[in-house]
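Colleague: Here the protein sequences line up with chains X and L, keeping their order. When we follow the working numbering, the leftmost residue of the first sequence carries the number 134, and every step to the right adds one. When we follow the working numbering, the leftmost residue of the second sequence carries the number 134, and every step to the right adds one.
Everything labelled a hint here was simulated from the structure, so no lab data went into it. Misleading hints may appear alongside valid ones.
Simulated crosslink set (BS3-like; lysine-lysine; CA at most 25 Å straight-line) [what the hints assert, rightly or not]:
no. : chain 1 : residue 1 : chain 2 : residue 2
1   : L       : K282      : X       : K334
2   : X       : K328      : L       : K238
3   : L       : K334      : X       : K290
4   : X       : K334      : L       : K290
What the simulated footprint calls covered on chain L by chain X, stretch by stretch (three residues with Cβ under 8 Å from a Cβ of chain X suffice, anywhere in the stretch; the number is not a length) [said to hold, decoys possible]:
no. : region
5   : 291-302
6   : 317-327
Glycine is no exception: its CB is placed at the ideal position from the N, C-alpha and C atoms.
Below are the chains, spelled out letter by letter.
Protein chains: 2
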Amino acid sequence: MANIGFIGLGNMGGPMAANLIKAGHSVSVFDLSKAAVATLVTAGATAAQSAKEAVTGAQFVISMLPAGAHVEGLYLSGDDPLFDHLAEDALVIDSSTIDAKTAQKVAAVAAQRDINFIDAPVSGGVGGAVAGTLSFMVGASEQQFANAKPILDVMGKNIFHAGVQGSGQIAKACNNMLLAILMTGTSEALNMGVKNGLDPKVLSEIMRLSSGGNWALELYNPFPGVMPNAPASNDYQGGFQTDLMFKDLGLAMELSQLSASPTPMGSQARALFNMHKVKGNGGLDFSSVIQQYQDQD
Amino acid sequence: MANIGFIGLGNMGGPMAANLIKAGHSVSVFDLSKAAVATLVTAGATAAQSAKEAVTGAQFVISMLPAGAHVEGLYLSGDDPLFDHLAEDALVIDSSTIDAKTAQKVAAVAAQRDINFIDAPVSGGVGGAVAGTLSFMVGASEQQFANAKPILDVMGKNIFHAGVQGSGQIAKACNNMLLAILMTGTSEALNMGVKNGLDPKVLSEIMRLSSGGNWALELYNPFPGVMPNAPASNDYQGGFQTDLMFKDLGLAMELSQLSASPTPMGSQARALFNMHKVKGNGGLDFSSVIQQYQDQD
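Generate coordinates for the entire structure from the input sequences, incorporating the hints supplied.
Modeller: Written out as structure tokens, the structure reads:
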């Protein structure tokens, strides 16, 4: 069992830390929200008074923060950068979803200083974080990946080694851009078929079993009533918020811009999620984007 | 065993008719190409001198033609329209991929005249036609569908009842528009990841098993070398031509226009296939659209 410092106890980080505790690890936690810390203490964590205290003596440091600026500030450029306070041979796992450029920048500094820093963003949402079934996309050396895997296995089901540092963020940006394309495309095809008289369940099943088959038709149909357990059949509550998809598409656009990778489809999908967001739907599950296609009564 | 009249013996119609002969049916064939007729005669068909002769006395009439104008001309408005020459209780199965409006128009005339006319476009390509593993998307009444199914089963594997007349064409237009979106989106995500240093096989596998999963990643990866049996690994030979995808996207755009169904993603995908076609790639498999994203050496 390991000593783990965990920083960032939001909707995702909280349950991830709780699963590490359940597995028997010693977890020292820090968050700016005292309520979030208190919840984890009840679950068996040790409360740290600062990020520095949380990582002192830790073999593994895990962070789950909103954006690149927070990660860079925490490790490199803040008042008391954590890279000055890590135990020797500590492995730092940043599970935040941030821009690849910042992940690569922090990793480059770490490499200069002989610090093990890897990026390991997740997918699977709050439900996956609670159930310990997240997917991790990891940018790390072979050795670092092997060292991180037993810890990631506690919090996730599919642990992918995407490549060197930064590759986890790149893989996630690519995947989520493709997800945005699949969801808008599936919404568009379903809406056109239904508007022309087809039954949404019948058309969904035809396309699922044909060359239009994709994750949305398998598990996350955007049309209300087709899948009883999908957010679409629950007024688009829960699931993966439009705001978060819009954030991820911003990261994909940044990656596209920096590498001059053409993204005509991802850009169009982003425009649709943007329109959906400005109409007040940022808090709804992202599959509600189908509403942009539908006739208003 | 049935008497079948088969009209249109192209790359698809030829092997479909051959499978009916193999199954023991009596098939009378007609095509403007004498060579195509001769090939089927060798396989056991009877050569008809006209479409009218091919359908005389037939219990089933199957047509496989390039576009709506040919179907309308054959049955309704040509020199000797077939609707004047069908046997009583004949079932007409049009497997051409045509615009839904024409399919509905021909079906409406058929209904007025008590003729059984159903639309049953296919997917699965020439390989599926030869192997008898096509998918059929059928627009028909329950009774007509039940009557057609034993015949369609000889030529296909998945026989879907999409709804009333015209629904087969609508379902296919929706599915193939979604396929165009999946293929361009998958190409785009793969290209961006690889351009940023990821291995195409690793990224393909991560997305296949994550929320980016779709038919292209399962069976038809557009990146050369990822799947040995995909057209991408064979210089984009064989498979489903860019020209045919462009045709199908035109049918989808027509359906969108007539029903005011928004298609921002399908329209963008169509633009990409159009650009790919004007650069001389109409004869390549459609997954070669990934070349539009790739840096030229």
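Colleague: Does each hint fit the structure? Answer for all of them.
Modeller: Hints versus structure:
Taking the CA atoms of L:K282 and X:K334, the gap is about 21 Å. The hint holds against a cut of 25 Å. The straight-line distance between the Cα atoms of X:K328 and L:K238 is roughly 18 Å, inside the 25 Å bound, and the hint therefore holds. The hinted pair formed by L:K334 and X:K290 meets the criterion: a straight-line CA distance of about 20 Å does not exceed 25 Å. Note on X:K334 and L:K290: the hinted pairing holds, with a Cα-Cα distance of about 20 Å set against a maximum of 25 Å.
Look at the region 291-302 of chain L against chain X: 8 of its residues bring a Cβ nearer than 8 Å to a Cβ of that chain, three or more, so the hint holds. Only when three residues or more bring their CB closer than 8 Å to a CB of chain X does the claim for the region 317-327 of chain L stand; here the count is 9, and the claim holds.
Going down the numbered hints, you'll see the structure goes against none, and every one checks out.
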